[in-house]
Amino acid sequence: MAFDFYKESYAGSVKEITLGKGDKAVTVGGETSYPFYLFEGEMPNKPRIAMEIWDMAPEDWPEAALAPFKDVVSDPAAWAKKCVDEFGADMVVLQLKSTDPNGNNASADDATATVKKVLGAIDVPLIIWGTANIEKDEETLKKISEECQGENLILGPVEDKNHKGIGASAMGFGHSLISSSPIDVNLAKQVNILLENLGMPMDRIIVDPTTGGLGYGMEYSYSVMERLRMAAMAQGDDKLQFPMINNLGNEVWKCKEAKQTADEAPTLGDPEKRGILMEATGAVTYLMAGSDVLIMRHPESVRMVKAFIDLLSDGGSAGDIAGIGKQLDDVDIDFASLAPAPDLTIEEEKKAAPAKKAAPKPAPEASKAAAPKAEAKPAPKAEAKKEEPAKPVADPEAEAKAKAEAEAKAKADAEAAAKAKAEAAAKAKADAEAKAKAEAEAKAKAEADAKAKAEADARAKREAEEEAVRQQREKEREEMAAKRATAAKTEVTKTAAKVQKSKTSKMLNKLKRGRR
Amino acid sequence: MALTGIQIFKLLPKTNCKECGVPTCLAFAMNLASGKAELDSCPYVSDEAREQLAEASAPPIRPVPIGKGVRGFTVGGETVMYRHEKTFYNATAFAAVVASDISDADLEKKLKVWNAFQFERVGLNLRPQMAALKDVNGDAAAFAKAAKTIAETSEFNLVLMSDNADVMKAGVEACASKRPLIYAATDANADEYGAIAKDNELPLAVKADSIEGLVALTEKLTGMGLKDLVIDSGSREVKQALEDQVAIRRAALKNGNRSVGFPTIAFPCEMASNLDMETLIAGMFVAKYAGIVVLSDFTGESIFPLLLERLNIFTDPQRPMTVTEGIYEINNPDENSPVLVTTNFALTYFIVSGEIEGSRVPSWLLIKDSEGLSVMTAWAAGKFAGDDVGVFVKKCGVADKIKHQDIIIPGYAAAIAGDMEEELPGWKITVGPREAAHIPAFLKAL
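Chains as they are written, first to last, in our numbering: chain A, 1 to 516; chain B, 1 to 446.
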């Protein structure tokens with residue numbers, strides 16, 4: 001077979017949006033293919049990395065994350081400047097940690113003052129990330145929006161509950177928004193639609209699908225991002241054609257394993273490199289899912305991921321990209337002494353032994369019929385086979401049914417049960433007959449001969465019966481399928497009604513999602 | 001060309017003998033149709049049916065078992081491009097290189113050190129599986145000796161890497177019982193390497209300098225009767241490597257191209273000059289379709305992030321991850337320590353236990369089985385109802401471990417407090433924070 005490269009054809013593309021203002025404004029989005037699938041589309045703007053700073057000195061950062069910023073953590077403006085001047089940040093994210101009502105609860109005025117200071121120190125786009133407290137974010141972000149008119153800040157996270165306040169303010173004072181939803185395609189779409197209805201220009205929105213940490217729910221975000229991209233590009237859903245942003249550094253560095261010291265978790269290796277590699281590995285994964293802006297913390301992971309983005313976009317060898325430049329001392333861990341003794345057992349592969357074949361519990365009728373025969377060994381295989389048709393639960397149709405949708409089930413089940421019972425009884429009788437015949441013959445002929453013949457007879461008979469049953473069931477199944485089809489159809493029309501979901505129905509949706 | 005489950009079923013013996021490992025012929029037929037089973041598992045299928053089914057029943061990407069023992073594994077067998085379409089089945093295997101001129105003492109040490117890198121998480125043991133023994137000097141005796149040491153004194157399985165057939169034969173002889181992967185058949189040696197793999201019934205990697213080159217080689221080798229192949233398109237730059245991985249997966253799944261319907265092997269160790277960048281590249285391969293990823297070494301800090309990523313990507317999205325119901329001790333609690341209760345959704349457990357741990361407050365954490373739902377959904381679905389939780393608290397035996405009768409419930413399940421009080425007379429039910437992030441402050445304020 002010659003090789004034919006299957007190329008995807010896309011029905012849509014991602015919108016381009018410009019963040020910030022002036023010479024240092026950054027444009028993201030614009031993809032016409034899945035992330036880095038440059039063999040069938042384009043990525044006119046490479047994904048960008050925004051470095052995060054906090055508006056207060058962090059208390060619980062591990063040493064590795066703190067080391068590069070030790071001198072500036074208490075001064076957000078200096079911190080931001082260091083990110084840009086020293087580490088070449090394309091953008092800066094100011095995380096408004098101090099405003100958390102469950103923490104310091106700093107006022108909106110204080111936060112605004114900090115934003116202004118940071119704005120004064122840098123010329124790259126500035127993203128303002130709240131605390132995900134709906135009321136407080138609305139208050140704070142509105143205030144910041146007002147006071148920093150025309151700066152094209154990027155404000156978020158904006159959720160359905162506070163989209164009006166923040167949205168109106170951002171429209172009026174010239175900022176962009178981060179449309180945020182909890183790992184759900186429909187909810188993401190809903191917030192985007194709400195913002196559109198509000199009048200927010202669609203070229204000033206970037207989507208935050210909610211970012212899970214590496215090892216802490218990343219798979220949910222990963223799949224939702226893939227689905228968002230597929231909806232945007234394969235199905236051409238223009239309500240989802242937005243660039244995506246991931247608040248990654250914050251998630252990765254707060255997890256236990258990124259913080260543990262070498263003493264606490266020796267087998268996790270060098271704590272400094274571990275944290276950096278966890279952040280970088282998470283970043284690579286999110287790039288594969290379609291991230292356009294990654295918010296990251298450590299300058300070394302930022303540098304390596306940037307280089308990786310260039311390699312993916314432009315090609316070339318990674319041979320020239322340096323490894324992590326450490327700032328902290330090396331740790332010396334004696335791994336050999338920590339290793340458990342190797343488990344060298346190798347299980348022999350077994351073909352299913354004959355004994356095993358008889359293992360499944362026979363249904364009562366069948367066991368009665370088969371019992372005398374069990375003595376006349378060796379015939380375990382035939383027994384096992386004989387038991388089968390008498391087991392109503394193990395019928396393939398019943399199994400398939402179990403998987404089928406619930407609508408038609410209750411009724412069909414009752415029917416099937418009744419039928420199966422009748423059949424089982426009939427079969428048991430047949431089995432008994434076959435055996436009686438076999439026994440009669442056995443008296444006349446040599447024992448071994450009889451067994452073979454009885455088995456053959458019983459089998460032929462059974463097969464005939466089974467065939468009949470099967471046809472019956474097939475018919476039954478077709479009927480059920482027809483029933484199901486109609487049921488499904490009515491359901492579709494029901495869900496097509498375009499109403500705003502209530503809280504309960506949202507919850508229900510989530511439940512369904514959990515079960516998928 | 002693909003048959004439906006029912007069409008396949010009609011060709012099967014319909015004896016429901018279970019010898020293929022599933023309960024009924026119909027179930028087996030369904031598995032065949034979705035590429036999850038192989039016709040060879042059915043011992044009774046007729047030759048005629050076999051012929052008809054052979055084309056339709058082989059999975060689009062062949063599952064290839066490699067290695068033996070506790071770190072034996074299968075790669076390939078994937079049926080979808082995106083994990084949400086169903087799931088990814090066989091997780092990427094990690095290998096690291098051992099040069100064949102390594103001294104005995106160094107090898108022994110290396111194997112021990114590598115054995116330290118295994119991590120318990122949600123009842124799973126996360127660890128890399130393979131050593132890639134690389135022939136560096138054509139010394140067959142040394143190669144065989146190292147292969148034997150790795151096979152017999154460690155849990156690790158082997159990739160045998162050499163382009164010298166004599167060296168390869170010696171290596172295979174030393175460790176064939178552990179089912180090593182032979183790397184690699186190329187244009188130059190396909191006949192000879194194919195024969196080695198065939199004679200020893202071992203999986204064989206195939207390397208070419210392009211996908212087209214691979215197609216020619218795998219067709220030749222399958223013509224020789226080989227089935228368990230692993231393919232390497234030869235690209236050693238990330239951009240091309242990603243393209244190749246996608247092209248191969250798509251050709252196998254969308255076009256049903258059997259000549260590339262095999263798991264892939266990728267070599268970050270030949271793509272970067274340091275383990276840190278290798279780790280990033282490996283991260284791409286875990287997400288995008290590599291079956292085996294070969295690194296230059298394993299270290300705790302480099303393999304751990306990759307194992308986490310692999311766990312995430314290969315988690316079955318159709319089934320929520322759960323932890324076992326029970327009492328979890330965090331920070332060595334005593335009889336006066338607070339008791340918290342939450343659901344058994346793995347993510348809930350991780351985040352809650354992580355925050356409690358971070359707070360350094362000794363605590364008892366009760367995990368109630370909620371069928372893998374998070375707090376709010378479990379509550380809404382009645383899987384975390386007050387009476388249920390109350391009964392669980394009574395039965396789990398935490399009362400014997402503590403002197404007080406206080407229990408903290410999740411903020412999102414505040415509504416169950418009343419029912420719990422009824423079920424647990426004398427207990428004080430406290431509603432905790434909604435967000436796990438606020439647990440440390442809450443515990444410290446107790």
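Keep in mind that the hints are not guaranteed to be accurate.
[Said to hold, decoys possible] If you only want the chain B side, here are some residues facing chain A, beta carbon under 7 Å, derived:
hint	residue
1	Arg83
2	Met271
3	Ala272
4	Pro305
Think of the hints as simulated: they come from the structure by calculation, not from any bench. As the structure is a computational prediction, the values presented were derived from the model and not from experiment. For each residue, glycine too, the CB sits at the ideal point set by N, CA and C.
Structure-based check of each hint:
no., hint, result
1, Arg83, "holds, 6 Å"
2, Met271, "holds, 5 Å"
3, Ala272, "holds, 4 Å"
4, Pro305, "holds, 4 Å"
When held up to the earlier numbered hints, the structure conflicts with none and fits them all.
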